[in-house]
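Visitor: Now for the letters of each chain:
Protein chains: 2
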Amino acid sequence: MMNFTTFAKENKQFIEHELIAFVERLESPSILKESMLYSLQAGGKRVRPLLLFATLEAFGKPKELGMATACALEMIHTYSLIHDDLPCMDDDDLRRGKPTNHKVFGEAIATLAGDALLTMAFEVIARYSHSDVTPEIRLRIISELANAAGPEGMVAGQVADMQGEGQSLSVVDLEYIHRRKTGRLLEFAVLAGAVLAGANEEQVDKLLVFAANLGLAFQIRDDILDVEGTEAEIGKPVGSDIGNGKSTYTELLSIEGAKIALYETAEKARNAIDDLELNTVYLHALCDLVVNRNN
Amino acid sequence: MMNFTTFAKENKQFIEHELIAFVERLESPSILKESMLYSLQAGGKRVRPLLLFATLEAFGKPKELGMATACALEMIHTYSLIHDDLPCMDDDDLRRGKPTNHKVFGEAIATLAGDALLTMAFEVIARYSHSDVTPEIRLRIISELANAAGPEGMVAGQVADMQGEGQSLSVVDLEYIHRRKTGRLLEFAVLAGAVLAGANEEQVDKLLVFAANLGLAFQIRDDILDVEGTEAEIGKPVGSDIGNGKSTYTELLSIEGAKIALYETAEKARNAIDDLELNTVYLHALCDLVVNRNN
Numbered sequence: 001m002m003n004f005t006t007f008a009k010e011n012k013q014f015i016e017h018e019l020i021a022f023v024e025r026l027e028s029p030s031i032l033k034e035s036m037l038y039s040l041q042a043g044g045k046r047v048r049p050l051l052l053f054a055t056l057e058a059f060g061k062p063k064e065l066g067m068a069t070a071c072a073l074e075m076i077h078t079y080s081l082i083h084d085d086l087p088c089m090d091d092d093d094l095r096r097g098k099p100t101n102h103k104v105f106g107e108a109i110a111t112l113a114g115d116a117l118l119t120m121a122f123e124v125i126a127r128y129s130h131s132d133v134t135p136e137i138r139l140r141i142i143s144e145l146a147n148a149a150g151p152e153g154m155v156a157g158q159v160a161d162m163q164g165e166g167q168s169l170s171v172v173d174l175e176y177i178h179r180r181k182t183g184r185l186l187e188f189a190v191l192a193g194a195v196l197a198g199a200n201e202e203q204v205d206k207l208l209v210f211a212a213n214l215g216l217a218f219q220i221r222d223d224i225l226d227v228e229g230t231e232a233e234i235g236k237p238v239g240s241d242i243g244n245g246k247s248t249y250t251e252l253l254s255i256e257g258a259k260i261a262l263y264e265t266a267e268k269a270r271n272a273i274d275d276l277e278l279n280t281v282y283l284h285a286l287c288d289l290v291v292n293r294n295n
Numbered sequence: 001m002m003n004f005t006t007f008a009k010e011n012k013q014f015i016e017h018e019l020i021a022f023v024e025r026l027e028s029p030s031i032l033k034e035s036m037l038y039s040l041q042a043g044g045k046r047v048r049p050l051l052l053f054a055t056l057e058a059f060g061k062p063k064e065l066g067m068a069t070a071c072a073l074e075m076i077h078t079y080s081l082i083h084d085d086l087p088c089m090d091d092d093d094l095r096r097g098k099p100t101n102h103k104v105f106g107e108a109i110a111t112l113a114g115d116a117l118l119t120m121a122f123e124v125i126a127r128y129s130h131s132d133v134t135p136e137i138r139l140r141i142i143s144e145l146a147n148a149a150g151p152e153g154m155v156a157g158q159v160a161d162m163q164g165e166g167q168s169l170s171v172v173d174l175e176y177i178h179r180r181k182t183g184r185l186l187e188f189a190v191l192a193g194a195v196l197a198g199a200n201e202e203q204v205d206k207l208l209v210f211a212a213n214l215g216l217a218f219q220i221r222d223d224i225l226d227v228e229g230t231e232a233e234i235g236k237p238v239g240s241d242i243g244n245g246k247s248t249y250t251e252l253l254s255i256e257g258a259k260i261a262l263y264e265t266a267e268k269a270r271n272a273i274d275d276l277e278l279n280t281v282y283l284h285a286l287c288d289l290v291v292n293r294n295n
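Residue numbers (the working numbering), protein chains in the order written: chain E, 1 to 295; chain Y, 1 to 295.
Hints are computed from structural coordinates only; laboratory data are not their basis. One or more of the hints may lead you astray.
[Said to hold, decoys possible] Chain Y regions said to be covered by chain E (calculated; three or more residues, Cβ under 8 Å):
| hint | segment |
| --- | --- |
| 1 | 82-90 |
| 2 | 101-112 |
| 3 | 122-131 |
| 4 | 144-151 |
| 5 | 155-162 |
All C-beta atoms in this analysis are idealised placements derived from N, C-alpha and C, irrespective of residue type, glycine included.
Required output: the full structure, derived from the provided sequences and hints.
Guide: Listed below in structure tokens is the structure:
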């Protein structure tokens, strides 16, 4: 088994290559492809595809089984970033240290590039999944992804996030938002890996507890970085969430309280998968990555 | 066989009831559901679902077989209208005589309601298709719908439409735009009906020629209405396309030329299905409806 750094690097290259290839093959207006590629290539840690591949690996399954789903997942994550940055939403000028999509291509093309990535994601799973992935499993994956990303999932979280701006929210409100806005896609990554690997119900349940807590830890770390990070590290101005009138864990719990919550949540994630008879080395490494990341 | 008016009325009620039920069942923030319902309930002729049901009927198949797909199709059509009306796109204040979604709910919720409808559409097909629709057929339908609506289809048409604003386009350019922007979803409606009914290749080919010409006729009629309609009929200011700097068939061909093109195109549509051994009464009636509509 290769070490985690090599695993992460290889899988990152693999998914980025596939993502670009899917878009380059399109017969679409060139400005649309450029806009889609701009955001797909803007970097990032590719946490969601890595979670999917790490889950497959826990069952000893090859990454090829999850390639189409991982691409679809990253397309949907990318669309959500493009739309979230729009002037009518969070109105952000910078993302990962680069101008946001609409700053480069204008709002109309940015909106359409997001729409295109979201739509295409479902075709990718339906049409380009590995031949070992049965039609039944493809449909299950499509259902789960649409549910995680749609009006009961990510979109619900984004609506609640917008509505909560400028209001003083409780920790419960904040959890409602984040479990949907970022949590559901992270959970989907693990669920998809498990379903593709043929996991049993008990394994799926424990992996989902892992993923739910990982998602929460991810968001708490985000809020800590918004206070303690540097602009060079996080690729956007420090304090921009608080500046946008958003409630954060650091504001509600204090910095120290948020750090304690982060470690406790990460511990819950780790404990959930400890007694699974699976090779969870990479899942543990991803948990460490989320807790310790500086961007 | 009931007459077309009764068929259209019954099927319209059927699909509208199902569309509302899908959204009302959602566990989502109420403002999001209201925004989705507002546009889903804004009326319209439901041409796409009717085309799907009429195609099923041509093969003697019940509408229940196409219910989920018809709902998904109308959700995607509705999302496209919401996003097209946004200030960064066509910036329209009225749609079917009512304020556009963003005028009522604001741009952020309108954008998210569109995203939600688009995402949910794929879950509806994957999860709620009639039990007689096999997993293989559901996947084919999902692929075709995503392709028709995505970066090689409707979104490509919308991009080309935006880029063509204020430019003098040729009839070829205009066809490129409309074959994608409105044509692909209309074609999908017929294709989906045929696939769900188990059509053979020759039947599919002829039905697609019908649908392609019907789509073109639809757009030519739209351009004629933009000149000759009344605001009360078309639900938005007369001449708004030309005012937006859009090229139109009436501008390129003159009103009389556009009318000739409309009748010729509709004739091509009718001829394509004339020698099929199918009951095409409703398909012919829909063709007449498109050619003669006043809104």
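Visitor: Next step is simple, just say for each hint if it's right about the structure.
Guide: Evaluated hints:
Figure legend: the segment 82-90 of chain Y, annotated as covered by chain E; annotation consistent (4 residues with Cβ-Cβ distances under 8 Å, at least 3 required). With a cut-off of 8 Å between beta carbons, the segment 101-112 of chain Y has 6 residues touching chain E; three or more are needed, and the interface restraint holds. Interface restraint, the segment 122-131 of chain Y with chain E: holds (4 residues with C-beta to C-beta distance below 8 Å; minimum three). Given a C-beta distance limit of less than 8 Å, the hint that chain E covers the segment 144-151 of chain Y holds, as 5 residues qualify and 3 suffice.
Figure legend: the segment 155-162 of chain Y, annotated as covered by chain E; annotation consistent (6 residues with Cβ-Cβ distances under 8 Å, at least 3 required).
Every hint, counting from the list given before, is met by this structure.
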